[in-house]
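> Each chain is listed here by its residues.
Number of protein chains: 2
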Amino acid sequence: MRAVFHQQLTALSAELGEMCGLAASAMERATQALLESDLTLAEEVLDTHELIALRNRHVEQTAFKLLALQQPVASELRMVVGSMHIAADLDRMGALASHVARISRLRHPDCAVPADVRASIAAMGAGAVKLARIAQEVLITRDPDTAARLRAEDDAVDAEHRHLFTLLMDHHWQDGVSCAVDVALLSRYYERFADHAVEIGKRVVFEATGGMPSHKKLA
Amino acid sequence: MRAVFHQQLTALSAELGEMCGLAASAMERATQALLESDLTLAEEVLDTHELIALRNRHVEQTAFKLLALQQPVASELRMVVGSMHIAADLDRMGALASHVARISRLRHPDCAVPADVRASIAAMGAGAVKLARIAQEVLITRDPDTAARLRAEDDAVDAEHRHLFTLLMDHHWQDGVSCAVDVALLSRYYERFADHAVEIGKRVVFEATGGMPSHKKLA
Chain A
1 MRAVFHQQLT ALSAELGEMC GLAASAMERA TQALLESDLT LAEEVLDTHE LIALRNRHVE
61 QTAFKLLALQ QPVASELRMV VGSMHIAADL DRMGALASHV ARISRLRHPD CAVPADVRAS
121 IAAMGAGAVK LARIAQEVLI TRDPDTAARL RAEDDAVDAE HRHLFTLLMD HHWQDGVSCA
181 VDVALLSRYY ERFADHAVEI GKRVVFEATG GMPSHKKLA
Chain B
220 MRAVFHQQLT ALSAELGEMC GLAASAMERA TQALLESDLT LAEEVLDTHE LIALRNRHVE
280 QTAFKLLALQ QPVASELRMV VGSMHIAADL DRMGALASHV ARISRLRHPD CAVPADVRAS
340 IAAMGAGAVK LARIAQEVLI TRDPDTAARL RAEDDAVDAE HRHLFTLLMD HHWQDGVSCA
400 VDVALLSRYY ERFADHAVEI GKRVVFEATG GMPSHKKLA
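Chain order of the listed sequences is A and B.
Residue numbers are given in my numbering: position 36 of the first sequence equals residue 36, and the series is strictly consecutive.
Take the position in the second sequence, starting the count at 1, then add 219; the result is the number in my numbering.
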């Protein structure tokens, strides 16, 4: 009975790692679709989010069954409860990648990103994907030192987010209103995606240590 | 033992209702702060979100203890698990109200909302608050018919969101880039706030019926 339960916990953990890989890949392709006006790639990202959303439901159902049938306590209870929160974060990451893909699709065959901010958007995309890859590593290794790296990477994404908004708010913006709105939303999506990766790291550390996850960032 | 457990469940449910009232009130004041450039009110909203975030942690701790000590099953398990998800939604609603308040504070003593879209923003604010009030009623009464009303109200907020984006994207926008960015973000915050209220309704119905909450909206 306990051996089966431990197999189920291991499978749950593996599923979260795979979902995180899907979220990273979705955001990577969404950014590529955006920068290269690639409609096929954008459509693929929407499909990937559907898949992540299905897996979120599966994790929730599995966790619910484990709570009902195995009545775990202590670290195992933390892990089962945490898996539901983490899957919800991963679902949101998939949704945010799909928002990026939708902006790409909406502007196709034009590119939503003007030349002036192309490097910034590429950097935010790369930073967001890096955070998701680190979160995936944390989910697999449960290593708190790896989780601690998330904060520094998130700071880099936040700095780029602020930089982009400075550009949007100054009077030299040359690319028109609708383009500014796209860039603002894109920047927000990357920043939120990164925040969810950080939350996942906090959850895993919480599961390992038994402390409560610290306050969610109020941004 | 069971009587104490039922008291704890009732208290948990009451706490969610109170948190939802706080979220509704936070968004109501945030919108007023925004439309009237009221700095004091904006600051109050930030404090209210701190309070909601604390209560989210309290609900999570309480739910965790109930799972560990009472090992609930069936509808009681659904309620305890659901309370964690609902508290997380309410925390996000508080965060979104605080984002609205921050835009108001950032532009003070100016108003972030140009005259042309004042009515639209006021309508989105009122719609979002109405959704939160309905969600609060659902949390207190657990009535699925009340929960069903959330969908129609959310459609009204979504329609206003699309309308605002049409205005931002056409070539007659006269209020400059930075103002357009503010309005786009505000519209997004109201729309997300409304989505969370709808999610809460779905959760409560799920708890009552034992079905799984339907797919999260992919927007």
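Keep in mind that the hints were calculated from the coordinates and are not lab data.
Just so it is clear, the structure is predicted and the values come from calculations on it, not from any experiment.
Some hints could be false.
Claimed, not checked - Listed next, the stretches of chain A that the computed footprint assigns to chain B, with coverage defined by at least 3 CB atoms under 8 Å from CB atoms of chain B: (1) 65 to 75; (2) 79 to 86; (3) 158 to 164; (4) 167 to 174.
What the hints assert, rightly or not - Some chain B residues near chain A, calculated using beta-carbon distances under 7 Å: (5) Val223; (6) Phe224; (7) Leu228; (8) Ala338; (9) Leu386; (10) His391; (11) Ser397.
What the hints assert, rightly or not - Short derived list, chain B residues pointing at chain A, Cβ under 8 Å: (12) Val396; (13) Ala399; (14) Leu404.
All residues carry an ideal CB built from backbone N, CA and C; glycine is no exception.
> Within the region 167 to 174 of chain A, is the number of residues with a Cβ closer than 8 Å to a Cβ of chain B three or more?
It holds: at least three residues are needed, and the region 167 to 174 of chain A offers 3 whose Cβ sits within less than 8 Å of chain B.
> Would you say the region 65 to 75 of chain A counts as covered by chain B, given the rule of at least 3 residues with C-beta under 8 Å?
holds (count 5)
> Given Val223 of chain B as an interface hint, is the shortest Cβ-Cβ distance to chain A below 7 Å?
Interface hint status for Val223 of chain B: violated (18 Å vs cutoff 7 Å).
> Would the stated hint for Ser397 of chain B survive a check requiring a Cβ distance to chain A of less than 7 Å?
It holds, given that the least Cβ distance between Ser397 of chain B and chain A is near 5 Å, below 7 Å.
> Checking hints one by one. Is Leu386 of chain B an interface residue toward chain A, by the C-beta closer than 7 Å rule?
With a minimum Cβ separation of about 10 Å from chain A (threshold 7 Å), the hint on Leu386 of chain B is violated.
> Is the interface hint for Leu404 of chain B satisfied, with its Cβ closer than 8 Å to some Cβ of chain A?
Holds - the Cβ of Leu404 of chain B comes within 8 Å of chain A, reaching about 6 Å at its closest.
> Within the assertion that chain B covers the region 79 to 86 of chain A, do at least three residues meet a Cβ-to-Cβ distance smaller than 8 Å?
holds (count 3)
> Can we keep the His391 of chain B interface hint, with Cβ of chain A closer than 7 Å?
violated (10 Å)
> Would you check whether Val396 of chain B satisfies its interface hint, that is, whether its CB is within less than 8 Å of any CB in chain A?
Holds, because the Cβ-Cβ distance from Val396 of chain B to chain A comes to roughly 5 Å (cut-off 8 Å).
> Less than 7 Å between beta-carbons is the criterion; does Ala338 of chain B satisfy it with respect to chain A?
violated (20 Å)
> Just to be careful: measuring from the Cβ of Ala399 of chain B to every Cβ in chain A, is the smallest value less than 8 Å?
Status holds, d = 5 Å.
> Can we keep the Phe224 of chain B interface hint, with Cβ of chain A closer than 7 Å?
violated (14 Å)
Hints 3, 5, 6, 7, 8, 9 and 10 from the earlier list are contradicted by this structure; the remaining hints agree with it.
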